[in-house]
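Next come the chains, spelled out residue by residue.
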Amino acid sequence: MAAKDGSKMSAAAIAAEKVDGFTRKSVRKAQQRQRRSLSSSQGSSQFRTHGAVPVDLSLSPLPQLMPECVNQQELFTQKLQQCCVLFDFFDSVTDLKSKEVKRATLNELVDYVSTNRGVLVEAAYPDITNMIITNIFRTLPPSDNPDFDPEEDEPTLEASWPHMQLVYEFLLRFLENPDFQPSIAKRYIDQRFVLQLLELFDTEDPRERDFLKTILHRIYGKFLGLRAFIRKQINNIFLRFIYESEHFNGVAELLEILGSIINGFALPLKAEHKQFLMKVLLPLHTAKALVLFHAQLAYCIVQFLEKDPTLTEPVIRGLLKFWPKTCSQKEVMFLGEMEEILDVIEPTQFKKIQEPLFKQISKCVTNPHFQVAERALYLWNNEYILSLIEENIDKILPLMFGSLYRISKEHWNPTIVALVYNVLKTLMEMNGSLFDDLTASYKNDRQRCGTPSRLNNPYPHTLSS
Amino acid sequence: TLTLRTQRHSTTLTKMAGADGDDSLYPIAVLIDELRNEDVQLRLNSIKKLSTIALALGVERTRTELLPFLTDTIYDEDEVLLALAEQLGNFTMLVGGPEYVHCLLPPLESLATVEETVVRDKAVESLRKISQEHSPVDLEVHFEPLVKRLASGDWFTSRTSACGLFSVCYPRVSSTVKAEIRQHFRTLCSDDTPMVRRAAASKLGEFAKVLELDYVKSDIISLFTALASDEQDSVRLLAVEACVSIATLLPQEDLETLVMPTLRQAAEDKSWRVRYMVADKFSELQKAVGPEITKNDLVPAFQNLLKDCEAEVRAAAANKVKEFCENLPEDNREQIIMTHILPCVKELVSDTNQHVKSALASVIMGLSTILGKDNTIEHLLPLFLAQLKDECPEVRLNIISNLDCVNEVIGIRQLSQSLLPAIVELAEDAKWRVRLAIIEYMPLLAGQLGVEFFDEKLNTLCMAWLIDHVYAIREAATCNLMKLVEKFGADWAQNTIVPKVLGMANDPNYLHRMTTLFCINALSDVCGRDITTKQMLPVVLKMSEDQVANVRFNVAKSLQKIGPVLEKITLQNQVKPVLDKLATDKDMDVKYFAHEALSGECLPYEYS
Chain W
7 MAAKDGSKMS AAAIAAEKVD GFTRKSVRKA QQRQRRSLSS SQGSSQFRTH GAVPVDLSLS
67 PLPQLMPECV NQQELFTQKL QQCCVLFDFF DSVTDLKSKE VKRATLNELV DYVSTNRGVL
127 VEAAYPDITN MIITNIFRTL PPSDNPDFDP EEDEPTLEAS WPHMQLVYEF LLRFLENPDF
187 QPSIAKRYID QRFVLQLLEL FDTEDPRERD FLKTILHRIY GKFLGLRAFI RKQINNIFLR
247 FIYESEHFNG VAELLEILGS IINGFALPLK AEHKQFLMKV LLPLHTAKAL VLFHAQLAYC
307 IVQFLEKDPT LTEPVIRGLL KFWPKTCSQK EVMFLGEMEE ILDVIEPTQF KKIQEPLFKQ
367 ISKCVTNPHF QVAERALYLW NNEYILSLIE ENIDKILPLM FGSLYRISKE HWNPTIVALV
427 YNVLKTLMEM NGSLFDDLTA SYKNDRQRCG TPSRLNNPYP HTLSS
Chain Z
6 TLTLRTQRHS TTLTKMAGAD GDDSLYPIAV LIDELRNEDV QLRLNSIKKL STIALALGVE
66 RTRTELLPFL TDTIYDEDEV LLALAEQLGN FTMLVGGPEY VHCLLPPLES LATVEETVVR
126 DKAVESLRKI SQEHSPVDLE VHFEPLVKRL ASGDWFTSRT SACGLFSVCY PRVSSTVKAE
186 IRQHFRTLCS DDTPMVRRAA ASKLGEFAKV LELDYVKSDI ISLFTALASD EQDSVRLLAV
246 EACVSIATLL PQEDLETLVM PTLRQAAEDK SWRVRYMVAD KFSELQKAVG PEITKNDLVP
306 AFQNLLKDCE AEVRAAAANK VKEFCENLPE DNREQIIMTH ILPCVKELVS DTNQHVKSAL
366 ASVIMGLSTI LGKDNTIEHL LPLFLAQLKD ECPEVRLNII SNLDCVNEVI GIRQLSQSLL
426 PAIVELAEDA KWRVRLAIIE YMPLLAGQLG VEFFDEKLNT LCMAWLIDHV YAIREAATCN
486 LMKLVEKFGA DWAQNTIVPK VLGMANDPNY LHRMTTLFCI NALSDVCGRD ITTKQMLPVV
546 LKMSEDQVAN VRFNVAKSLQ KIGPVLEKIT LQNQVKPVLD KLATDKDMDV KYFAHEALSG
606 ECLPYEYS
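Protein chains in written order, with the working numbering: chain W, 7 to 471; chain Z, 6 to 613.
By construction, these hints were calculated from the structure, which means they are not laboratory data.
Please note that the accuracy of each hint is not assured.
If you anchor each label on the Cβ, the simulated ranges turn out as follows [as the list claims (entries may be wrong)]: (1) Z/Cys314 <-> W/Trp167: 52 to 58 Å; (2) W/Pro156 <-> Z/Gln552: 24 to 30 Å; (3) Z/Pro348 <-> W/Lys238: 26 to 32 Å; (4) Z/Lys394 <-> W/Pro330: 39 to 45 Å; (5) Z/Glu445 <-> W/Thr332: 52 to 58 Å.
From chain Z, some residues computed to sit far from chain W (all C-beta separations above 12 Å) [stated by the list, open to error]: (6) Pro199; (7) Glu236; (8) Tyr281; (9) Asn324; (10) Leu408.
Heads up, the beta-carbon is just placed ideally off N, CA and C, and yes, glycines get one too.
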């Protein structure tokens with residue numbers, strides 16, 4: 007019986023708030039965003055220096071840089087210093103001319119360091135790094151949206167991006183310049199520099215994180231002395247993310263860098279690296295926001311196992327320990343990762359973990375959430391996994407049989423039932439006599455327990471025919 | 006017989022229970038068996054009954070068999086470990102009293118090193134608890150070495166745990182051991198990993214409290230200064246918390262040189278998180294440093310925080326405005342507020358961020374008691390009025406919900422002209438939670454504004470909520486009516502609201518007709534027998550013929566509800582026949598509730 011609405015709410019208000027009083031999250035958030043004044047979803051804490059005294063920010067253009075002319079070095083320095091002036095991008099009216107001057111200058115500087123040889127003389131390094139530090143290193147502003155959901159919400163973008171982008175571009179070109187000398191630069195690009203760079207990975211602005219990723223990768227490549235430090239600090243960021251704050255926007259980017267770093271680890275793996283795998287990468291799977299970086303994380307794990315197959319057993323046991331108990335979406339991701347691992351597993355390693363692993367998979371195929379069951383059953387589409395199962399059918403079939411047989415009769419979703427039939431058929435072909443034995447004893451058990459018990463049916467609402 | 010096997014070595018440890026075929030131990034045997042069951046839930050249940058097991062085993066076997074077994078199960082699920090860590094904190098008597106309490110240290114030590122923070126924290130909590138039960142000798146022989154091992158552990162987890170244990174053993178050990186403990190704490194304050202430094206920083210205040218004053222001055226201050234200028238803002242902000250404890254410990258004359266430079270620096274830190282922390286702890290800091298420093302240093306610092314560039318910091322500071330002003334030294338409190346604080350507050354009223362305005366609105370009314378009648382009328386009233394007209398409903402709501410503060414000083418009438426439009430607007434807000442909130446303040450407003458003002462301006466609103474399209478609002482509106490009648494009396498009810506409520510019984514919308522019944526349920530008690538019998542009951546009885554089943558079974562419920570207010574004779578002659586008829590209704594729910602009412606406890610025996 008539909009209740010007629012007799013209230014005097016305006017039509018607009020009713021449209022915004024449905025009869026049940028609950029609006030969809032996205033609608034609600036969009037409204038909040040609108041209400042967060044019209045300042046747009048941009049944030050920055052760059053220019054708001056504390057207790058700043060108003061200073062003259064006006065910039066006047068300097069002559070064009072020409073590499074062949076004399077005094078260019080001095081002009082280069084002047085331009086770098088000019089670019090240390092910071093502007094308020096929330097205020098779109100003031101300093102327009104000076105902002106344009108800085109933008110043009112930055113563009114020119116980017117060109118200058120990327121197309122010319124011989125411009126990176128030792129004396130320029132302090133000014134270059136100083137300009138970079140002044141422009142990009144800052145405490146990130148508080149998030150506009152305290153319950154920021156990276157999957158659904160628009161990120162807050164950095165307001166001063168028109169300048170900042172060019173500074174990042176400049177830093178990248180500087181690092182990539184053929185004349186770049188790490189031995190000189192290490193005086194400026196030091197641990198403190200790296201630490202501040204790493205803190206910026208928490209920015210909500212994906213454009214900025216993308217630059218940071220490439221830049222950190224370059225620094226890792228060029229500064230051998232900083233490598234261990236960078237790894238340690240990334241460790242700390244992850245551990246804080248896992249055990250303290252559950253909040254860091256740049257986990258995926260950092261993992262992506264690590265993915266390529268792991269690739270280059272020397273064998274045998276150092277204890278430090280193994281510890282990183284077991285005590286940092288595996289616990290990262292417990293994060294609520296796993297979906298945001300799972301692809302990168304799984305890649306890192308597989309990289310490790312390809313390097314050193316003896317790590318397979320502890321890794322799989324670790325994943326089984328952290329196996330999601332209530333979140334189906336995560337469970338599907340775990341199954342995906344497990345398939346990636348099984349793709350590269352050595353048969354001897356497989357034997358070591360098959361029992362706990364297939365106990366878990368057997369639970370997954372009976373999951374009432376059809377996506378979980380489906381993902382688990384898809385493992386049987388993988389030729390290599392199939393060959394491993396066949397090799398160990400005596401061990402695996404008894405673990406799987408009960409669940410598969412029951413689900414083939416009882417799962418509510420027809421797709422799952424069809425998949426189960428195929429899997430059962432495959433297993434039967436692998437060892438027919440064992441299959442028959444198991445069928446017989448299964449039926450025996452059920453008869454002994456009387457008619458199929460409702461208690462054993464995980465889907466009490468399913469109407470069995 | 007049952008045996009305990011550990012995961013590490015499956016040799017039989019002992020036959021712990023049921024070995025002699027003693028039936029009385031059988032339940033215990035089951036519990037022990039479940040400690041190693043595959044099902045986590047069963048293990049968990051068993052761990053939660055650990056004290057029962059220990060009691061049955063006796064102190065000696067608990068010490069020699071159960072504890073070693075538990076120490077070996079430390080590789081279990083975090084949930085089980087958490088329960089175990091908690092249990093062991095209460096185990097002293099079960100292992101034989103304080104003399105043997107050190108037996109509990111090995112399992113707790115392992116638990117204090119696990120990764121999962123909740124488990125570790127619980128283990129530390131239990132260790133702190135049982136440290137008190139150690140004799141001074143045992144503390145040095147058993148407990149302090151454990152703290153040292155944790156403090157020099159390889160992985161950060163054990164070092165973070167150590168941070169929480171220094172302060173509990175320090176006061177009760179010899180001076181040599183004390184020196185060692187101080188050294189360990191110092192080391193952890195400059196640990197390599199920020200996690201440990203954060204743990205140390207968060208325990209700095211607590212540790213300072215148990216130290217001798219000389220060491221506070223020599224050791225703690227340098228650690229405090231170092232942590233407060235750590236490269237990570239997450240460490241620096243924790244030093245702010247410690248600042249409160251440290252400042253409380255030091256004599257006034259030392260504060261300026263030992264604490265203030267660091268505090269000033271924190272108030273102007275480049276990270277907004279640190280400034281936020283200063284704002285958040287401002288009242289505590291103010292009390293800790295005393296009136297002189299407050300006047301000279303904290304007032305300007307507070308002004309800066311109120312004008313901070315980050316809204317988060319401004320909001321935290323705005324929250325503290327009232328408390329800060331209250332705690333200012335009385336001799337020149339008014340002058341400081343009027344010349345230094347009020348100008349900032351005025352600016353915050355038109356802040357660009359709604360959280361800041363709303364934080365301010367939740368405390369600003371409190372200033373009126375501090376500043377007195379004249380200042381309130383001249384300076385604060387315009388601000389209240391501005392906030393009452395704010396575009397953000399939360400701001401208006403916060404003002405309205407604190408009206409009682411102003412009422413004491415200048416009376417609410419001063420505000421009524423602006424109050425009304427604000428209330429009306431909130432009453433019609435698109436968010437039902439806002440509407441719900443304003444309804445809750447209606448009885449208060451009604452009491453303060455008086456019956457005339459209410460009838461004239463607010464009554465219509467209260468009736469309109471009864472037909473709101475959200476059930477929660479209709480329900481709250483019903484309850485509101487009851488409270489109003491409690492305030493204004495049954496006569497007022499009879500003249501103003503009862504007719505309107507009863508009129509809704511003929512509404513074409515069945516939800517509104519049901520609202521009539523809900524109102525009657527709420528009002529019958531406060532309106533009394535006369536009104537209930539003469540005016541309400543006939544309407545209820547007539548509604549028993551409603552075509553909508555939901556209305557009919559609510560009639561049955563209402564009759565049950567108002568039964569106690571009615572006379573026996575009325576029940577017998579009027580109510581019972583109707584219920585009897587409903588008991589034969591074609592709808593099963595109606596039948597059910599009619600039977601419920603007929604056999605209801607609150608009805609007299611004649612019913613059944």
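Hint check:
1. Z/Cys314 <-> W/Trp167: 52 to 58 Å: Because 19 Å falls outside the window, the suggested range is violated.
2. W/Pro156 <-> Z/Gln552: 24 to 30 Å: At roughly 53 Å between Cβ atoms, Z/Gln552 and W/Pro156 fall outside 24 to 30 Å, so the hint is violated.
3. Z/Pro348 <-> W/Lys238: 26 to 32 Å: violated (48 Å)
4. Z/Lys394 <-> W/Pro330: 39 to 45 Å: Since Z/Lys394 and W/Pro330 have Cβ atoms about 50 Å apart, the given range 39 to 45 Å is violated.
5. Z/Glu445 <-> W/Thr332: 52 to 58 Å: violated (35 Å)
6. Pro199: Violated: least Cβ distance 6 Å, not greater than 12 Å.
7. Glu236: violated (6 Å)
8. Tyr281: Contrary to the label, Z/Tyr281 does not stay out of reach of chain W, its closest Cβ about 8 Å off (not over 12 Å).
9. Asn324: holds (15 Å)
10. Leu408: holds (25 Å)
Of the numbered hints listed earlier, those contradicted by the structure are 1, 2, 3, 4, 5, 6, 7 and 8.
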